[in-house]
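Asks: Residue numbers (our numbering), protein chains in the order written: chain B, 1 to 93; chain D, 1 to 143.
If you're looking for bench data, these hints aren't it; they were derived computationally from the structure. Treat the hints with care, as some may be off.
On the chain B side, residues computed to face chain D include the following (Cβ under 8 Å) [as the list claims (entries may be wrong)]:
id, residue
1, Phe10
2, Ala15
3, Ile16
4, Val18
5, Val43
6, Asn47
7, Ala53
8, Leu65
9, Ile80
Heads up, incomplete: computed chain D residues facing chain B, CB under 8 Å, no partners named [said to hold, decoys possible]:
id, residue
10, Leu5
11, Val7
12, Ile10
13, Leu13
14, Val28
15, Ala52
16, Ala59
17, Ala86
18, Glu93
Think of the CB as a built atom: it goes at the ideal place given N, C-alpha and C, for glycine as much as any other residue.
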Amino acid sequence: MIPLDINELFLVGAAIFVVLAIAMFYRAVAGPTTQDRLLAVNVLGTNTVVILALLAAGLDQPWFLDVALIYALLNFLMAIAISKFTVERGGVL
Amino acid sequence: MIDTLYVGAIVVLLALGVFFTFVSAMGVLRLPDVYARAHTASQTDTLGAGLALAAVALALGWQQASVYTVLLLFFVFITNPTAAHAIARSAAEMGIEPWSGADGDPSSDGGAVPDGGEPIDERSSEPGHERETTEGSHGGDPR
């Protein structure tokens with residue numbers, strides 16, 4: 001009835017998200033401050049979580065969502081830890 | 001009928017998620033300083049990720065995996081602005097001046113201090129950068 005395959009749609013969306021995540025590498029390499037690089041890596045990690053969820057729907061393997069959940073936790077912990085350690089005795093949160 | 005509506009809702013949510021993530025990527029690449037980039041990373045990227053994860057949760061239907069997806073969606077909604085806030089606050093405590101926007105091109109990072117804390121030497125040769133450096137600093141330009 002519907003000519004559109006929903007799994008291929010998720011794979012195409014994941015491919016676009018991969019391209020947008022690769023574009024974050026420019027700011028991660030060329031960012032003038034440490035916080036610019038950290039922010040770019042944080043956005044890249046969020047894109048990676050979304051890519052993992054889209055692949056879980058597109059490839060029909062739901063255990064990718066566990067990997068995405070752990071990756072989101074580690075991404076948040078990385079952003080908080082590095083932004084706390086770049087400031088001397090700073091309470092950043 | 002209901003199947004067309006279902007697929008249409010998934011397509012619309014996924015397209016909006018890709019669009020907002022594209023806006024976020026352009027903002028992180030193009031905006032002038034770290035505070036503006038933290039702004040676009042906290043708001044637009046959270047909305048794009050949330051819409052794409054909502055499309056995934058709608059496609060998976062009623063099963064255990066969609067519970068994981070909704071949990072992931074709430075987690076991203078809470079932690080992503082918090083992380084951007086912590087990054088912007090650490091930038092403020094390091095003494096990075098916000099971009100004033102008075103003059104100069106937006107591609108130059110206004111008032112930004114590089115990683116070591118020294119002023120940026122190779123950027124002072126750009127024409128839009130005279131507002132931080134004095135005129136005499138161009139005499140020592142290696143070019």
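Asks: The structure should be examined with respect to each hint, and the outcome stated for every one.
Replies: Outcome of the hint check:
With 8 Å as the threshold, the beta carbon of phenylalanine 10(B) comes within range of chain D, its nearest partner Cβ sitting at about 7 Å, so the hint holds. Here the hint on alanine 15(B) is broken, as its CB sits about 10 Å from the closest CB of chain D, past 8 Å. For isoleucine 16(B), the interface hint holds, the least distance from its beta-carbon to any beta-carbon of chain D being 5 Å, beneath 8 Å. Interface restraint check: valine 18(B) against chain D, minimum CB-CB distance 11 Å, threshold 8 Å, status violated.
Interface restraint check for valine 43(B): the shortest CB-CB distance to chain D comes to about 5 Å, inside 8 Å, so the restraint holds. Because the closest C-beta pair between asparagine 47(B) and chain D is about 7 Å apart, less than 8 Å, the hint holds. Hint status for alanine 53(B) relative to chain D: holds, with the closest Cβ pair at about 5 Å, below 8 Å. Interface restraint check for leucine 65(B): the shortest CB-CB distance to chain D comes to about 4 Å, inside 8 Å, so the restraint holds.
For isoleucine 80(B), the shortest C-beta to C-beta distance to chain D is roughly 5 Å, which falls under 8 Å, so the interface hint holds. Hint status for leucine 5(D) relative to chain B: violated, with the closest Cβ pair at about 11 Å, above 8 Å. The interface hint given for valine 7(D) holds, since its Cβ lies 6 Å from the closest Cβ of chain B, which is under the 8 Å cut-off. About 6 Å separates the beta-carbon of isoleucine 10(D) from the nearest beta-carbon of chain B, less than 8 Å, and the hint is met.
The beta carbon of leucine 13(D) comes no nearer than 10 Å to any beta carbon in chain B, farther than 8 Å, and the hint placing it at the interface is violated. Satisfaction of the interface hint for valine 28(D) is found here, the shortest Cβ-Cβ separation to chain B being roughly 5 Å, below the 8 Å cut-off. Hint status for alanine 52(D) relative to chain B: holds, with the closest Cβ pair at about 5 Å, below 8 Å. A least Cβ separation of about 5 Å between alanine 59(D) and chain B falls short of the 8 Å threshold, and the interface hint therefore holds.
The criterion of a C-beta within 8 Å of any C-beta in chain B is met by alanine 86(D), whose closest approach is roughly 4 Å, and the hint holds. Evaluation of the glutamate 93(D) hint against chain B yields a held restraint, the C-beta minimum of about 5 Å falling below 8 Å.
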